[in-house]
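Colleague: For chain A, the structure is supplied; the task is to place chain B on it using the hints.
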Amino acid sequence: MKFSDGFVEVLGCKVHLRRAGKGNPLLFLHGASGAPAVLPFMEKLAERFDVLVPEHPGYGQSDEPAWLENIHDMAYFYLDFLKHLGLKEVTLVGSSMGGWIAMEMAVRDTSRLSSLVLVGPAGIAAPGVKPADIFLMSPEEVVKGLFFDQKLAAARLAIPETPESIDVGLKNRHTTARLAWEPRLHDPFLPKWLHRIDVPVKIIWGKQDKILPAAFASHYQKLFPKAEMFLFDDCGHLPHVEKAEKFVEAVCR
Amino acid sequence: MQIILFHLMPYAEVDIDAARKHGTVWGLPNKHYDPQVAHRLYNRFLDELEYGEELGFDGISVNEHHQTAYGMMPSPIVTASALARRTKKVKIAILGSALPLRTHPMMVAEEHAMIDVISGGRLISGFVRGIGAEYHTFGVNPTISHDRFHEAHDLIVRAWTEKGPFSFEGHHYRVNYVNLWPQPMQKPHPPIWIPSQGSKETIDWAAHPDRRYTYLQTFSPSKVVARYLKMYRDTCQGFGYTAKDSQLGWSIPIYVGKTDDAARREAKVHFENFRNVFVRMPLEMLLPPGYTSRDSLKNVMKAKAQMFGDVTIEQAIELGLFVCGSPQTVLSIFKNHWNEMRFGNLLVSCQFGTLPGDLTRKNMELFAREVMPGLKALN
Numbered sequence: 001m002k003f004s005d006g007f008v009e010v011l012g013c014k015v016h017l018r019r020a021g022k023g024n025p026l027l028f029l030h031g032a033s034g035a036p037a038v039l040p041f042m043e044k045l046a047e048r049f050d051v052l053v054p055e056h057p058g059y060g061q062s063d064e065p066a067w068l069e070n071i072h073d074m075a076y077f078y079l080d081f082l083k084h085l086g087l088k089e090v091t092l093v094g095s096s097m098g099g100w101i102a103m104e105m106a107v108r109d110t111s112r113l114s115s116l117v118l119v120g121p122a123g124i125a126a127p128g129v130k131p132a133d134i135f136l137m138s139p140e141e142v143v144k145g146l147f148f149d150q151k152l153a154a155a156r157l158a159i160p161e162t163p164e165s166i167d168v169g170l171k172n173r174h175t176t177a178r179l180a181w182e183p184r185l186h187d188p189f190l191p192k193w194l195h196r197i198d199v200p201v202k203i204i205w206g207k208q209d210k211i212l213p214a215a216f217a218s219h220y221q222k223l224f225p226k227a228e229m230f231l232f233d234d235c236g237h238l239p240h241v242e243k244a245e246k247f248v249e250a251v252c253r
Numbered sequence: 254m255q256i257i258l259f260h261l262m263p264y265a266e267v268d269i270d271a272a273r274k275h276g277t278v279w280g281l282p283n284k285h286y287d288p289q290v291a292h293r294l295y296n297r298f299l300d301e302l303e304y305g306e307e308l309g310f311d312g313i314s315v316n317e318h319h320q321t322a323y324g325m326m327p328s329p330i331v332t333a334s335a336l337a338r339r340t341k342k343v344k345i346a347i348l349g350s351a352l353p354l355r356t357h358p359m360m361v362a363e364e365h366a367m368i369d370v371i372s373g374g375r376l377i378s379g380f381v382r383g384i385g386a387e388y389h390t391f392g393v394n395p396t397i398s399h400d401r402f403h404e405a406h407d408l409i410v411r412a413w414t415e416k417g418p419f420s421f422e423g424h425h426y427r428v429n430y431v432n433l434w435p436q437p438m439q440k441p442h443p444p445i446w447i448p449s450q451g452s453k454e455t456i457d458w459a460a461h462p463d464r465r466y467t468y469l470q471t472f473s474p475s476k477v478v479a480r481y482l483k484m485y486r487d488t489c490q491g492f493g494y495t496a497k498d499s500q501l502g503w504s505i506p507i508y509v510g511k512t513d514d515a516a517r518r519e520a521k522v523h524f525e526n527f528r529n530v531f532v533r534m535p536l537e538m539l540l541p542p543g544y545t546s547r548d549s550l551k552n553v554m555k556a557k558a559q560m561f562g563d564v565t566i567e568q569a570i571e572l573g574l575f576v577c578g579s580p581q582t583v584l585s586i587f588k589n590h591w592n593e594m595r596f597g598n599l600l601v602s603c604q605f606g607t608l609p610g611d612l613t614r615k616n617m618e619l620f621a622r623e624v625m626p627g628l629k630a631l632n
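Protein chains in written order, with my numbering: chain A, 1 to 253; chain B, 254 to 632.
FYI, nobody ran anything at the bench for these hints, they're computed from the structure.
The beta-carbon is built from N, C-alpha and C at its ideal position, and this holds for glycine as well.
Treat the hints with caution; some may be incorrect.
[Stated by the list, open to error] 27 angstroms max Cα-Cα, derived BS3-like pairs, lysine-lysine:
1) A:LYS130 <-> A:LYS144
2) A:LYS171 <-> B:LYS615
3) A:LYS144 <-> B:LYS274
4) B:LYS521 <-> B:LYS615
[As the list claims (entries may be wrong)] Derived contacts from chain B toward chain A, CB cut-off under 7 angstroms, selection only:
5) ALA335
6) ASN394
7) THR396
8) GLU537
9) PRO542
10) GLY543
11) ARG547
Same shape as in the complex, but just chain A (with noise of 0.2 angstroms):
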């Protein structure tokens, strides 16, 4: 499956958007790490779905505007990029900061929404539960701690750097940082709203997660009581990257 590579322009703000597929249109909302390059997880999904990976504003090739200053800011443009794109019964999956903001999209406006897939989400504090400090990571230990296994931790790292990339993973760290830095990595006004999101709830957790442990995942069954919980054996913070299929099928189920 041949992906579209191009951008599109909504609130004056560039974003590379990456698009394959036929169906119902999902919106796949990518972590701090960015979206760098087309994933096999991507094309199997688009054998179903019209399938969009935007890079965020502030992220990748995207354009930093200056009105981006918080989680509420980002949800609010993607809620206009949903209407600027006309997409309509979308299936909005996010995964880590990208979780974070498809929830703070979902308590504002769930009119253009069918389901939301929250894939180890960042975005609520959990009691007694204690994220891992990215900031204080060297990029090497983040790409360590986001995998179970470390053959696929070896083999992201393995790839050479260029100044492009360097760009992009400063470019990255600073939007995070600058969403997500204090209150770190949640939005403690976030789960008094939570109710509001009346479109079915699937949430995904890999069980050995070093970032957002999922310990944190009990915490969302009790928050989102209807929602389909799936926790995948063998598997860090990206379910979708190290566990491809298991995580299409859960989506599609």
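Modeller: For chain B alone, kept in the frame of chain A given last:
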């Protein structure tokens, strides 16, 4: 030249092995902190600064650091207040208050003004952003550090100089009634100094004709100091005026001994502890995202091996990161640098790292009696 005695007030009796093992004294678990030890150290260090007045220094200086053995002054206001009452003539320099870390800049405006009034107009007011590590420990978002710094500065200077009440509408700070009691004694306000590790953005801002703040290059190799002081002067020329020497300063640790050999021998372990234990921290801690521009961050990443490795006292002297030797040697080094850079202010740390009280006093005395007169005469 104006000479100021600067003190970091480190937790000098820190368990060096534990600090080495932890990798940094920034965020070293506070089980390593003993209030009895700190009690002795605080009082020793305050005595040393007060002794600076007796020895004829033009000023004495303190600064702000958090959650670290590097410096025990989370509030330089506390130490500056104590010094304001115990001294009569010297200037008291707070270099500086970390504006973005403070919840409200009004508090900084008030506290600095109090010290200026209590001391009879002897305050030098320094503003800094705080070290990168402090954005981790304090939780303040480093990507808005510059914004908060500039806005806090604007509010403080307006609070010092404008008749109140007036309202301040900022992006980060909003106050309906700004009406400061007390107003500073010095008019229009205490001198403002900007300590920096070197940045073009800081220099552009400090040198602006509306401000003309004293730019202070801290703990850098002498070549780097020369480069940034020249950049400051050139920037002033670009703004259409010539910088006064009093707008330039250099802050550096020094050690004066009877002979060059004696000085190196006495200072070696204490300086190396300072440079290789107290100053050290990982890159991610030193430069959180947004604390510097991404271009500066990339330059640091390139120089990483050099910046984050150990430095011996001999290398530090060679680099001009540390001035150490007999009185004649120290005087001639500073004279040479002054001839090149014409800095009007020299800040010397006579205590650094683990340097104990007897050596600190010996250092201060030799410097004050045998080096300082020659430096003060430079004009």
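Colleague: Output the indices of the hints that this structure fails to meet, ascending.
Modeller: Per hint list: 2, 5 violated.
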